[in-house]
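Colleague: Here's the letter readout for the chains.
Protein chains: 2
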Amino acid sequence: MQNNLIIHDVGLRDGLQSIDRVIETTKKIEWLDQLIIAGVRVIQVGSFVNPKVLPQMADTDEIFSIINQRKDLPKDLVLTALILNEKGMERAIQAKVGKILMGVSASETHSYKNTKMTTAEATNRIITIAKECVAAGREVQVSIQSAFGCGFEGRIPLERVLKIAEKYLNNGLRNISLADTAGHANPKRVEELFTKLKKMDDNSELACHFHNTYGMGLINIQSAINCGVKYVETSFAGLGGCPFTKVAAGNVATEDFVHYLRREDYDTNINLDLMIDLAKDVEQYLGYKLPGYVYKTGKINWN
Amino acid sequence: MQNNLIIHDVGLRDGLQSIDRVIETTKKIEWLDQLIIAGVRVIQVGSFVNPKVLPQMADTDEIFSIINQRKDLPKDLVLTALILNEKGMERAIQAKVGKILMGVSASETHSYKNTKMTTAEATNRIITIAKECVAAGREVQVSIQSAFGCGFEGRIPLERVLKIAEKYLNNGLRNISLADTAGHANPKRVEELFTKLKKMDDNSELACHFHNTYGMGLINIQSAINCGVKYVETSFAGLGGCPFTKVAAGNVATEDFVHYLRREDYDTNINLDLMIDLAKDVEQYLGYKLPGYVYKTGKINWN
Chain A
1 MQNNLIIHDV GLRDGLQSID RVIETTKKIE WLDQLIIAGV RVIQVGSFVN
51 PKVLPQMADT DEIFSIINQR KDLPKDLVLT ALILNEKGME RAIQAKVGKI
101 LMGVSASETH SYKNTKMTTA EATNRIITIA KECVAAGREV QVSIQSAFGC
151 GFEGRIPLER VLKIAEKYLN NGLRNISLAD TAGHANPKRV EELFTKLKKM
201 DDNSELACHF HNTYGMGLIN IQSAINCGVK YVETSFAGLG GCPFTKVAAG
251 NVATEDFVHY LRREDYDTNI NLDLMIDLAK DVEQYLGYKL PGYVYKTGKI
301 NWN
Chain B
1 MQNNLIIHDV GLRDGLQSID RVIETTKKIE WLDQLIIAGV RVIQVGSFVN
51 PKVLPQMADT DEIFSIINQR KDLPKDLVLT ALILNEKGME RAIQAKVGKI
101 LMGVSASETH SYKNTKMTTA EATNRIITIA KECVAAGREV QVSIQSAFGC
151 GFEGRIPLER VLKIAEKYLN NGLRNISLAD TAGHANPKRV EELFTKLKKM
201 DDNSELACHF HNTYGMGLIN IQSAINCGVK YVETSFAGLG GCPFTKVAAG
251 NVATEDFVHY LRREDYDTNI NLDLMIDLAK DVEQYLGYKL PGYVYKTGKI
301 NWN
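These protein sequence lines map, in sequence, to chains A and B.
Take the first sequence: its letter number 92 is residue 92 in the working numbering, and every next letter is one higher.
Take the second sequence: its letter number 272 is residue 272 in the working numbering, and every next letter is one higher.
If you are wondering where the hints come from, they were derived from the structure by calculation, not from laboratory data.
It is possible that part of the hints are untrue.
Put simply, identical chains are the same to the list, so a pair is met inside one copy or across any two.
[Stated by the list, open to error] DSSO-like cross-link-like pairs, simulated, lysine-lysine; straight-line CA separation at most 27 Å:
#	residue 1	residue 2
1	K52	K99
2	K163	K198
3	K87	K52
4	K99	K75
5	K52	K196
6	K188	K198
7	K299	K113
8	K230	K188
9	K27	K198
Turn these sequences into a full structure, and let the hints steer you where they fit.
Modeller: Here you go:
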């Protein structure tokens, strides 16, 4: 297995935005600190979106403001946040976000529902925003959502995804994430898409984001890693999806992924015990069982 | 993907033996019928063990007696059952079981706890029993339990597993299953072990049996398939493990595996909709959520 794999924990954003409850800022910072202490080095803190639409993320500016005053943060720590538009961009630059994330959907239906724009229009807009972020000295990751399929449209043609990626690359945006918003990905498709993407620019830094809707999260991640994907997006405790509907579809749990990698003789420099403690803490706080496996069963004891 | 893959559903045995409740015989037969109608062609019906120890399996003779009177069963249907000893063997032969399953543990501690015998003693005994079953005209599958690790002993040396396999092969027993009793397997280890096993006898018919304790069930199955494993043991609805303890560790759900294979463009000839209906029926009957994914979320709609 390649030795430059980086785990990007998205639980504080993708996880917490999807539960029907606003978590207090002090608690979020406590969990963020636990992630940092456990050794996670790329952490998605929140998103700069309309607080009326997504009250769960309303304190993202405040969290950055508090964290940025800290003098004791690890030098290699990268805190990330998602933006959707120009307003979010301004807030993210103001908040001194380490890496700003943004994207478009490869599904026309999904794109229109989210932005009232076609995929082509949304891509041009996001590229403009991304370049402004770069000009402001920020790192940027651009994503392609619904890259592997869409709840509305079903299969998404490969070419449509690659066309967006090409535009990103032509504009110097090399950190590209393929996101499986609906959880439709399967290993063959993952391999096909990332292989073609890697061939377009060998210097790109690719990321993958899978939802575990159908139990294929881990096998899809492994397929992406096989293609040279560098960033793997997972969420502590497997947070995400909605526990109160029939579709519970968080990302693969970070601690499960760390545990898996250790079984495969790959050391992530992340403290698995602390990640398990964190997941237990989250379960206790939320009051219901979360999708993660290892925090419930305990890790395998090596000998 | 190889096109001779066979799903062996073990839910009626491995699944139902691990829940703390005896399911009525008529209900078991109803589920068995649903499996058959859905197109599953190798089905584990139960085990011939001491009914005082495992009352959940006390009706295995009765189920075979009822089913064997049927004239309308598919010709290619193979009903299997597990035995532990000579007494079980007699009952299984009497019951006209299609394929009789038996095994030993590669973990000395596990072997001794189960049989009061060393692994070597247990292997000799199982080989004697297996040969008697063959002499009685029955198909046989011999297994090696705890092949990938043991809750008591941790890592199990590869050589110990291969030594048992060698004895099986030397005695003409070529249908061999490696069982991950504790759920400790990981893809690298699976590949290592099955590759070596396949090299020992290219005519062997290999089977894999993984528990999803740590979320690695599917990726382990794929690793085994890559090595030419023919039989994959899964359980409908992901039945297995104990829902009332912290360790819930059934096999991968059959319907999830069928769904995965279809995404990978592999047709199992199993009707996914009927498998999903079955899993829903099991959830409703038992009154709690089961580990399967697809029966909760619905399958991906192809287009």
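Colleague: Decide, hint by hint, whether the structure agrees.
Modeller: Each hint, compared with the structure:
1. K52 <-> K99: within (24 Å within a copy, 62 Å between copies)
2. K163 <-> K198: within (13 Å within a copy, 44 Å between copies)
3. K87 <-> K52: within (14 Å within a copy, 69 Å between copies)
4. K99 <-> K75: within (14 Å within a copy, 61 Å between copies)
5. K52 <-> K196: neither (40 Å within a copy, 60 Å between copies)
6. K188 <-> K198: both (15 Å within a copy, 25 Å between copies)
7. K299 <-> K113: Answer is between; shortest inter-copy Cα gap is 23 Å, intra-copy 42 Å.
8. K230 <-> K188: both (18 Å within a copy, 20 Å between copies)
9. K27 <-> K198: neither (39 Å within a copy, 52 Å between copies)
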